[in-house]
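Visitor: Model the full assembly from the supplied sequences, consistent with the hints where possible.
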Amino acid sequence: MLGRYDAKIGGFSPETVIVRRTSGVTGSMNVPFRKLAAMSLAANAVTMILPVARPDAARTFYSDVLGLPYRGTAADGKLLFDVGSGATLALMEKPAGARAEHTTISFEVSDIDASIKDLKSRGAVFADYDLPGFKTVDHVCVLGAEKAAWFEDPDGNILCLHEVITG
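Going from the sequence shown to my numbering is simple: count from 1 and add 337.
It is possible that some hints are incorrect.
Simulated restraints, written as ranges between beta carbons of each label pair [said to hold, decoys possible]:
id, residue 1, residue 2, range
1, Asp475, Ser400, 24 to 34 Å
2, Gly421, Thr397, 16 to 26 Å
3, Gly434, Thr384, 32 to 42 Å
4, Ala380, Gly404, 23 to 33 Å
5, Gly504, Asp413, 38 to 48 Å
6, Glu483, Gly423, 19 to 29 Å
7, Asp475, Asp413, 39 to 49 Å
Listed below are the simulated SDA-like cross-link pairs for lysine to any residue, each with C-alpha atoms no more than 20 Å apart in a straight line [said to hold, decoys possible]:
id, residue 1, residue 2
8, Lys457, Pro406
9, Lys415, Ile386
10, Lys415, Ile442
11, Lys484, Cys497
12, Lys457, Leu468
13, Lys484, Thr473
14, Lys457, Ala427
15, Lys457, Glu445
16, Lys457, Lys431
17, Lys415, Ser400
18, Lys454, Glu489
19, Lys457, Phe444
20, Lys484, Ile442
21, Lys472, Pro491
22, Lys415, Ala390
23, Lys454, Ser443
24, Lys454, Thr397
25, Lys454, Ile386
26, Lys415, Ala433
27, Lys484, Ala464
28, Lys484, Thr440
29, Lys415, Thr441
30, Lys472, Ala485
31, Lys454, Pro469
32, Lys431, Lys454
33, Lys457, Ser443
34, Lys454, Cys478
35, Lys415, Gly434
36, Lys457, Pro469
37, Lys484, Thr441
38, Lys431, Gly493
39, Lys457, Glu500
40, Lys431, Gly409
I should point out that these hints are in silico values taken from the structure, not numbers from a laboratory.
Model, not experiment: these values are computed from the prediction.
All residues carry an ideal CB built from backbone N, CA and C; glycine is no exception.
Guide: Laid out in structure tokens, this is it:
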């Protein structure tokens, strides 16, 4: 544990932590736990990992249909894609059926209708829903301050496009 809760100060007490810099130089510093956690996570790139049973079909879908730049295969076999802002999508081979039952990735777009049309032309199949309080019209559902549309990858992982409604 990097810090401990201290009721007297109403938060985490500072702890001395060992820091290894990318240069390989090791040092120590006294940092409040909350600040350390924010520095550790917010300053680093994010990798999202999705299970896929058919890596070849997934690679084709994510590169050709979604247009994500394929970066190569990691040493452990994960297929790596750039998804913007320094984030990485890693597709990890797993047995069939090892998929999430919820939206795994939502891509923000500036024009959801144009994005749906573009992805459909490349083979994406969008879902439609007609449930109490949740209905799509032309694949789009308005949810408060955003529009959203859902589709699946070849392994059934649920993906989403969303557009923030402005003005």
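Visitor: Please flag the earlier hints that this structure goes against, numbers listed from lowest up.
Guide: 3, 12, 14, 16, 21, 25, 31, 32, 36
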